[in-house]
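Residue numbers (my numbering), protein chains in the order written: chain A, 1 to 205; chain B, 1 to 143.
There may be inaccurate statements among the hints.
Cβ pair distances, simulated, as ranges [said to hold, decoys possible]:
| id | chain 1 | residue 1 | chain 2 | residue 2 | range |
| --- | --- | --- | --- | --- | --- |
| 1 | B | Met123 | A | Pro80 | 31 to 41 Å |
| 2 | A | Gln69 | B | Lys110 | 24 to 34 Å |
| 3 | A | Phe60 | B | Leu66 | 54 to 64 Å |
| 4 | A | Lys129 | B | Lys119 | 48 to 58 Å |
| 5 | B | Lys119 | A | Met187 | 11 to 21 Å |
| 6 | A | Lys11 | B | Phe6 | 58 to 68 Å |
| 7 | A | Phe101 | B | Leu29 | 18 to 28 Å |
| 8 | A | Lys52 | B | Ser109 | 19 to 29 Å |
| 9 | B | Tyr117 | A | His199 | 31 to 41 Å |
| 10 | A | Asp51 | B | Ala46 | 36 to 46 Å |
Capping the alpha-carbon separation at 20 Å, the derived lysine to aspartate or glutamate pairs in EDC-like fashion look like this [stated by the list, open to error]:
| id | chain 1 | residue 1 | chain 2 | residue 2 |
| --- | --- | --- | --- | --- |
| 11 | B | Lys44 | A | Glu177 |
| 12 | B | Lys44 | A | Asp188 |
| 13 | A | Lys129 | B | Asp70 |
Source of the hints: derived by calculation from the structure; they are not laboratory data. Glycine included, C-beta positions come from ideal geometry on N, C-alpha and C.
Residue-level listing of the chains:
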Amino acid sequence: MSSIVYLRLKKHVHLRPMQQIRLADIAYISTMAPNKMKLAETNLYQITKQDKQAVVLDSFQIIEQIHAQFPDLEIQLVGPTYTIVNVEKKKHKHSILLASFVWILLFIGTAMTIMNFHYDVSMLEVQQKLHFLFTGRQSDHPLWIQIPYSFGLGIGMLLFFNHWFKKRFNEEPSPLEIELFQYQQSMDEYMSYHENALHDKKHLP
Amino acid sequence: MIKNIFLNMLEGLTGFASGLAVGCGFVALLTVLGIIPRLVQLSKSAHLIKSYTGAVIAGTLFGTFLSFSDITWNQPNGTLLLWGTFHGIFNGMLAAALTEVLNVFPILSKRLRIDQYLKSLLMAFVFGKVAGSLFQWLIFVQK
Numbered sequence: 001m002s003s004i005v006y007l008r009l010k011k012h013v014h015l016r017p018m019q020q021i022r023l024a025d026i027a028y029i030s031t032m033a034p035n036k037m038k039l040a041e042t043n044l045y046q047i048t049k050q051d052k053q054a055v056v057l058d059s060f061q062i063i064e065q066i067h068a069q070f071p072d073l074e075i076q077l078v079g080p081t082y083t084i085v086n087v088e089k090k091k092h093k094h095s096i097l098l099a100s101f102v103w104i105l106l107f108i109g110t111a112m113t114i115m116n117f118h119y120d121v122s123m124l125e126v127q128q129k130l131h132f133l134f135t136g137r138q139s140d141h142p143l144w145i146q147i148p149y150s151f152g153l154g155i156g157m158l159l160f161f162n163h164w165f166k167k168r169f170n171e172e173p174s175p176l177e178i179e180l181f182q183y184q185q186s187m188d189e190y191m192s193y194h195e196n197a198l199h200d201k202k203h204l205p
Numbered sequence: 001m002i003k004n005i006f007l008n009m010l011e012g013l014t015g016f017a018s019g020l021a022v023g024c025g026f027v028a029l030l031t032v033l034g035i036i037p038r039l040v041q042l043s044k045s046a047h048l049i050k051s052y053t054g055a056v057i058a059g060t061l062f063g064t065f066l067s068f069s070d071i072t073w074n075q076p077n078g079t080l081l082l083w084g085t086f087h088g089i090f091n092g093m094l095a096a097a098l099t100e101v102l103n104v105f106p107i108l109s110k111r112l113r114i115d116q117y118l119k120s121l122l123m124a125f126v127f128g129k130v131a132g133s134l135f136q137w138l139i140f141v142q143k
């Protein structure tokens, strides 16, 4: 009698080097079959030294391996069709130096970009002219425009990024978080294709 | 007196509104170009993303301050060197991200069927930028 096994692969898992990958490590399993525990313990893959940072396990490979050991099970896939196994050498420690570098890079980069923009569009002249239009007086530093402008600049950016330190303005994710998410997804898709043993490396697009 | 207050309010409102527009547009550009996700990925520091947002905002405000004030500091040339280096890296990332967003390389290499030379195309882009920049500052503007 064949019973159905529902498998939902986990998209991302983090495992140690030289570890045996069991089915339970990479998938959620739902089945009425009596040997569920044994199924969950099935070894699928041995992480070797040759594997670098990531291994992609395609659902097809997984199904073939399970079929080889449990011929009477019928497998139904739900969700992702591959799992990306990230092989972590050791617990990643966050480099404060690198983060500071990125911070300063962003700080100086954006400072210069906005300065170039201000000079590019002759913003100071426009503000001086505007100040003259409004008040009839010449002023080299029309602070009544410039200070609110600066506040507006900061507030506009905060509105766009959708948070103020820990506090969010609403439940929506910020465009930056979406951008990060999409970046990760594109990387996953690339990995699932290029690191996949089922794809012939000679016929890449 | 009242007219003055009114005019000041008007100026303030104009400044605030233009700041809001520029701020939104500026970060929208940075986000579309995807520089921050790339940096986060390179430095493996997704948990610091809020801090980086702070860097962007602080940097922009500092740049605004520098644009509109005429204060001077007595900094050594080393500061300029560091500042220029960081600015260069950031600008390089901007330029590269722009070409990437516009799909210049994939389209070019598909059209001309030179997919296998993609890496050397990229190098041409890099060397061209460096040579162009050096040419501009060392020769072009010296005349």
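Each hint tested on the structure:
In this structure the hint that Met123 of chain B and Pro80 of chain A lie 31 to 41 Å apart at CB holds, the actual value being about 37 Å. Distance hint for Gln69 of chain A and Lys110 of chain B: a CB-CB separation of about 45 Å, inconsistent with the stated range 24 to 34 Å. The beta-carbon spacing between Phe60 of chain A and Leu66 of chain B, approximately 58 Å, falls within the hinted interval of 54 to 64 Å. Here the CB-CB span from Lys129 of chain A to Lys119 of chain B is close to 50 Å, well matched to the stated 48 to 58 Å.
The hint said 11 to 21 Å for the Cβ distance between Lys119 of chain B and Met187 of chain A, and at roughly 19 Å that hint holds. Taken as a hint, the range 58 to 68 Å holds for the pair Lys11 of chain A and Phe6 of chain B, whose Cβ atoms sit roughly 59 Å apart. Roughly 22 Å separates the CB atoms of Phe101 of chain A and Leu29 of chain B, a value that falls within the hinted 18 to 28 Å. Under the hint 19 to 29 Å, the C-beta atoms of Lys52 of chain A and Ser109 of chain B, about 27 Å apart, fit the expected range.
The hint said 31 to 41 Å for the Cβ distance between Tyr117 of chain B and His199 of chain A, and at roughly 23 Å that hint is violated. At roughly 23 Å, the beta carbons of Asp51 of chain A and Ala46 of chain B sit outside the given window of 36 to 46 Å. This hinted pair checks out: Lys44 of chain B and Glu177 of chain A have alpha carbons roughly 15 Å apart, not beyond 20 Å. For the given pair, Lys44 of chain B sits about 16 Å from Asp188 of chain A by alpha-carbon distance, which is consistent with the 20 Å threshold.
With a CA separation close to 18 Å, the supplied pair Lys129 of chain A and Asp70 of chain B stays within the 20 Å bound.
Violated hints, listed in ascending order, are 2, 9 and 10; each of the other numbered hints is respected by the structure.
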